[in-house]
Every structure is written in C-alpha cells, then in structure tokens.
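Here the protein sequences line up with chains A and B, keeping their order.
Residue numbering for the first sequence follows the numbering used here, starting at 374 and increasing by one per position.
Residue numbering for the second sequence follows the numbering used here, starting at 54 and increasing by one per position.
FYI, nobody ran anything at the bench for these hints, they're computed from the structure.
These figures come from a predicted structure and were not determined experimentally.
Don't take every hint at face value.
[Said to hold, decoys possible] Footprint (simulated), chain A over chain B, 3 or more residues, beta carbon under 8 Å:
no. : stretch
1   : 119-128
2   : 134-144
3   : 229-243
Cβ atoms here follow ideal geometry from the backbone N, Cα and C, with glycine treated the same way.
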Amino acid sequence: MENKIQISDLRVHYGDTPALNGISFDVHPNEILSIIGPAQSGKTTLLKVINRTLEFTPDAKVEGTVKLDGVDIETIGDVYGLRRRIGMVLPLPVGLPLSIYDNVAFAPRTAGLRTKSELDEIVERCLQQAALWDEVKDRLDTLGTKLSGGQQQRLTIARALSHQPEVLCLDEFSIAIDPVTTMRIEDVLKTLQKEMTILLVTNLVQQAKRLANRTAFFLNGDLIEIDTTDVIFSDTPANQATYDYINGSFG
Amino acid sequence: MNSMSTRAERRQEFVLHSTSFIIFGIAIIPILNALKKTEATHIQVVSPNALSILLNDLYIVLSVGLLAILLGIVCAFYLEEWLPKTNWGRRWIESHVAILTGIPSVLYGILAISIFLSYAGTLKVIDDVPSAQNTEVIPFQRHTTLFLGEVLIFILMVMPVTIKTTQEALRSVVTPVREAAYALGASQWQVLMRHVVPIAFIRILAGGCRAMARAFATAALLIGTYIWHYTTETDGMSNRFLLFLGAALVLSVCSSTLVEIYNSIYNSNSA
C-alpha cells in the first residue's frame, strides 16, 4: 500500500524561530490521522506546508520534502491545482464575503466549472455533508458572513469539501461548534474517510480518540510519537510525555 | 536573538526618514525663494467669461484629479499586494507618503502659488488661459509649464492620500479571508478580483473622494485668500471660490457616507 503523504526531515523556521525540527512520518490513504499537542508545537505549520500556503508567510523557511502520492509538492507547477487537491478548514471560521451559495461554489468555479446544475448539485451535497443544509437551504443568497460562528465554521467545511479534495485537513474545526453538531460532523468525517484521507489537528484529545485510526503527538516542533490511536491512548505509550499530555498532567 | 534584527530595522527606518526630511528641507528653499521674488509682482485679474473659466478649472481639476487617483490606486495595489513588507523601496515610498499626507494642505497651496508666480510671472495668467478675447497671448512654453505645475501639485496632494487610504482599505481585507481563498486554490489574481477588490472598493472610493475634497478645499482656500488680498474685481473669482468650496463639501460628505455604508455592510456582525 503506497502512502498518501510522505514527510521526510521537514524543518520550518520563522526567521530565527524554529517551528518544526526535522519531522518524518507517513500518512496512509483513507485514514484519519489526528495530530495532537499543545500550542506552539507546529501543528498548524505542518498543515500550511502541505497545501503550500506557508509561502505567504514572508520569513518562513522550509527544508525537507513532502510528497503527495509520491510527488514532491515543491515540484508541482500548478500550485492552485495542488491546493484544490487538499481541503483546508482553518480554526476560526472565515466566511468569504460572498453569498452562502457562492462561498461553496467558489472553488469549483476557480477550477473552471460553470454549469449551473452541476454547481447546484455540489452546493447541496457539500452543505448536507457539513450538516448545514437544513438551516440555510431557504436563504442561500444571504451573505455567508451573516451566519452565526458555528454555522460559518460548517460553511468552511462545506467549502473545503466543494472541490472534492483527496486530503482533508481540519485545523481544530470544532472550536466554534456545539457538541451535538460536532458529533454530527464527526459522523460525516467517518463516512468521508472512504473517499479521502483526513488530517485532523485537534486540541480535544477525546476527539482524536473517538475518530482517529492513528494519532501523532507533537511537542515544541518535534514529533514525539506516532502510532495507532489505541496505543497512544493506552496506559503504555512509547513516550512518557505522551501519556502525561493525554492524561492532563501538563499542557 | 530578535533584538538584533529590530535594531537593524530601526536604524534603516531612521535613515529612510532622515533622507525624506532632508529632501523636503531642500525642496523648501526654492519655494521660499520664489515667494520672496513675488513681493513686488503686480497682480490684476481679468475675467472675460466667468463660465468658461469655471468649466476650464473643473476640467483640469477633474481630469488631473482622476489621473492622480488612478495612479495612486495602482501604486497602492503594487505596494500592498506585490512588494513584501520588508522591501526597501516600499518602505521608502511609504515613509514619503506618510510625510506628504501629513503636510497641511495650505502648504501645497503656497507651493502652487510659488510655482505659478515664478514661472508664469503674474497670477493674471491663470485667468488668461482660456480667454479668447484677451489680447495678451501667452507663449506656449509658459502655458505648458503652468499646466505641468498644476498637475504636479495635484499629484503631490492627491496621490499620497489616495495611496494611504487605498492601502488601508486593502489591509482591512484581513489575512484569513485571503488565506481561505488561497486554500481553495484561487490564484492571486482571482483572490484580488473576487475578494479583495469587492470588499475594499467602497473604502477605496471613499479615499478618492477624500483626496479630491482636500484638493478642492485647498483650491477654495487659496482663491478665497486671493480674492480678499489682491483683487477688487471678484466676479469670476468668487464664483470659483463657491464652486470649489461646494465641491469639497459634497465630496467630503460622499466620503463619510461611503465609510458609513462600508461599516454597515461589513462590521455589523462583529457582536
């Protein structure tokens, strides 16, 4: 089985401040890999490297390689195409100042899709997957920014699904969402797993435990441990720091 | 480890600002010189046709103003969207823009007068330009210099304000919006055209209005001073004074209304 993403000796610096100190691991196809760790441990940076949006941070330096389906992402010429292969949900909901419909249809449109019926279909499917359809189906033309925080976050999930990504990166998606809706989206993620690989950065260790096949523990830019979720959450993970973090002894 | 870079940055900033100030200091000398020379100039206003003067003025102000605003907007887009923050040229321009916007607009007026007086001889020429009835013919070269002077003042006055307000408008489109759009696979051009410009447009427009209002107000102020000090024949001039004052008022009202509209659209859901 070939790995979906291969990361080898990835180092990132912001100016003089190191963010990732040479991490290496693989992501298997169709798995949910959760990434846990306290703040400043490089989780978000890792996601930004994968979809190459770190390029917008002026003083960030990236060394090492990230391969998607065996191809080094730095060598991919069509960076916009690459970003459409990777869905990204950011921690704080950012409604693009467009209507709800246009928010979801934005990515397919940038990819060149123009047919109204196809767009309608994509918008409905994505909003349903993000558990938002029932709440907004009657007002698709209102501004996305007028929705409540939790609704906006689900809108960003719908948006990330709209370009049918191969890898879905979720960066603490449940921060602004109530527990019930979170559970609904978690169910959706489990079904989506059949179609795509999911990288889940989360501060809720219980969420990682519920969802993930494997879990990686990051600390201060180092990958401390990566293993199946059962092992990480057992009483005997390979590293004592992992056990302490998960059980609330620090962090 | 960080203090080194900030100290270097501060030093660079200091050098930038001091060069700017020195340049402006040097620029003041010829202005003062020109003003000194004009003490004895005899000024008399001939206003053959008030309407044609007004139209001519409006034509110059609007065309040059629009040109300066467009230039300013293009410049601001280039600075803000394409040049990195650390770029030497960008910081040099920005420090100049800051100084130029900080200068009270009356000083620009004095600069304008000094250019008119030193190159055109008397203020009379301003009113002579559109007149066919007037027998005195202005040499082409003088006319051009005058016009260029007007253009220069306008650009000096309008452009920095436009650059600054446009940059602020572009900055008001927060990074997360851009990042979200980029993460969806949009190109820089698509992000600009579909997200940044639509959001920033109202504020850019408001900035343009503000810049023009500033120019009109200065012109009105100068004309007013001119009427009260130099002339007894006030017909054409007072019309012009009122016109410019009115334009300045209308434009500033437009500008603040646009800002209000912007706020009501984009800041309403902050609670």
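Cross-check of the supplied hints:
no.: 1; hint: 119-128; result: violated (count 0)
no.: 2; hint: 134-144; result: holds (count 3)
no.: 3; hint: 229-243; result: holds (count 13)
Hint violations for this structure: number 1 only, all remaining hints satisfied.
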